[in-house]
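The listed protein sequences derive, respectively, from chains A and B. All residue numbers for the first sequence refer to the working numbering, where the first residue is 1 and numbers rise by one. All residue numbers for the second sequence refer to the working numbering, where the first residue is 1 and numbers rise by one.
Bear in mind the hints are in silico, worked out from the structure with no lab data behind them. All of these numbers come straight from a predicted model, not from anything done at the bench. Mixed in with the good hints there might be a few duds.
Some chain B residues near chain A, calculated using beta-carbon distances under 10 Å [stated by the list, open to error]:
hint, residue
1, Tyr31
2, Asn51
3, Leu80
4, His98
5, Ser102
6, Arg108
7, Glu112
8, Gly115
9, Gly119
10, Tyr123
11, Ala132
Just so you know, even glycine gets a beta-carbon here, dropped at the ideal spot from N, CA and C.
Residue-level listing of the chains:
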Amino acid sequence: MSRMLQLKLRIWRQGGPASRGSFLDVDAHDIPTDASFLEMLDIVNERLLEDGIEPVVFAHDCREGICGTCGLMINGRAHGPELGTATCQLHMRKFKDGDEIVIEPFRAAAFPVVRDLMVDRRAFDRIIEAGGYISAPTGTAPDANEILIPKDVADFSMDAAQCIGCGACVAACPNSAAQLFTAAKLGHLNVLPQGQPERWRRTEAMVETMEQYFGSCTNHGECHTACPKEISLDFIALLNRDYIKAKTKNRRLASQA
Amino acid sequence: MTADRVPPLHKVKKALPWPLSLYQTAIGKKYVMAITGIGLLGFVIVHMIGNLHLYEGPSQVNEYAESLRDLGGHLVPRTLILWIMRIGLMLMFVFHIHSAYSLKEMSRKSSENAGFMSGAKRYASKQDFVAASYASRTMRWTGPIVGLYVLFHLADLTWGWWLGDGYIRGDVYNNVVMSLSSLPVMLIYIVANIALAVHIYHGAWSMFQTLGVTNPHTKKLRRSFAVIVASLVCAGNLSFPIMVQAGVISNDSNNTNSVNTSEHSTADIDADNA
Ligand code: HEM
Ligand code: SF4
Ligand code: FES
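Make a model of the complete structure from these sequences and hints.
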């Protein structure tokens, strides 16, 4: 049974990347507990429209935790109070009647605010472009199991491959470092056989692109708790190790990782 | 969204020859911070253990100090090894501080509204931290506190700037008791050593992550390792000011056996240093 919540919202409004921005206070009446956080914002926006106020801009797409488009700071936590949950999968039943909810955009200098709660995360695309791929000849699909991969290695790779590129790790990080994202994108390829040919070049290129945009990791670990996919900090350790190897080893002997 | 691309925030510098180029990258700097951190950690532990000689009495601690100058025996000139260690230590401090400072600046410039000292991003509302500890969030405060304290400590006990006539070069025991029996000085030592312990609590955990030294077995031990090192160093170092104030380490109680030895060794050392 859906109950109704009476909430006080403080929503960040900002005209564009260069404007100052401020909070808009909204009394959100009768919000059903079954609504997702984004549906709650939809309801609020409908009512703002009716009152002749411009709706709040926020980014969203799949609404099922796989695209990485949504992402809000909710009461000082990236993606809100639930661990391992993207904003779109957060439900209003996790809040209490009468709660005040403060909503801000994900912040980092490399994530300029487009408008209100929507930020530009294209700095992540630059990191992926630098090496977040493997080169493989096209043609008929290879047989499954043609390349044998130990089960735990495949699992480890898949743990990293879950990253949806939402940017919560950067938002939660006091240093605005993008270590967890980059480590996940490196890790899922670097541990698999298919990722070996480009491993050291990839590591160098992606890390150095990351360093042009983001801050320096001090191992707070806050990214891991903010991450909707709970990507492990072990991938950051792997990134650190692979980067120094990439810079120091004889790459003609690269197969001897 | 006018520009097609978000412009990079940090300029890529012209690459220096290898291995200097490593230090131009943030991860290279972090490695340097971790390696110098391990060196400093080693120093801090040995220094604390060495100072436990204070509990044996004046002649023993003064003899210990003397044997540091004599390291290497007759194979090398006197104090050579000590000076090599001092220069190494100085270099470690310089690199640890320089890398910490430049990485802090990098983080500060990566966030719009970052603290000047902490380099940490600030939201308009209060951020609700889950994993980041008090220790990890104060590294850029505890570090400089320890750095300033090291300078104070050198001026106090190595150079004897303000102990006046009471400062006797080479009579470690006497100088420590003189210095630490002042209440404000004791407080400085206590605050600084708590800061050091907090710094080590995060640092001794974090360095494994930085160096990429981890596996499922050692991962579980990292936190306990950091807690044990931080608390041992803290307990040892804090015991000295407290025990001087409590009168356990004091000039009077050990006067009888200290006069001769300390006068003797002091004269020796003055002659040697002259
Ligand atoms: C003897 C004293 C010291 C010891 C034993 C020590 C030890 C360490 C260790 C082990 C780390 C962890 C490195 C890592 O995460 O990889 C660290 C980090 C750090 N140290 Fe120190 N340190 C000392 C003095 C200082 C001083 C004097 C400063 C500054 C002025 C300083 C500033 C920092 C900062 C800011 C960090 C964290 C920065 C980052 O992770 O990017 N430390 N320290
Ligand atoms: S690592 Fe986690 S928090 Fe960071 S972008 Fe990927 S899914 Fe989002
Ligand atoms: S809208 Fe796609 S992950 Fe939330």
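Verification of the supplied hints:
1. Tyr31: For B/Tyr31, the interface hint holds, since the closest Cβ of chain A sits about 6 Å away, which is under 10 Å.
2. Asn51: 30 Å, violated
3. Leu80: The hint is violated - B/Leu80 has no Cβ within 10 Å of chain A, the shortest such distance being about 33 Å.
4. His98: 13 Å, violated
5. Ser102: 9 Å, holds
6. Arg108: Nearest chain A Cβ about 8 Å off; hint holds.
7. Glu112: 5 Å, holds
8. Gly115: 9 Å, holds
9. Gly119: 7 Å, holds
10. Tyr123: 6 Å, holds
11. Ala132: 4 Å, holds
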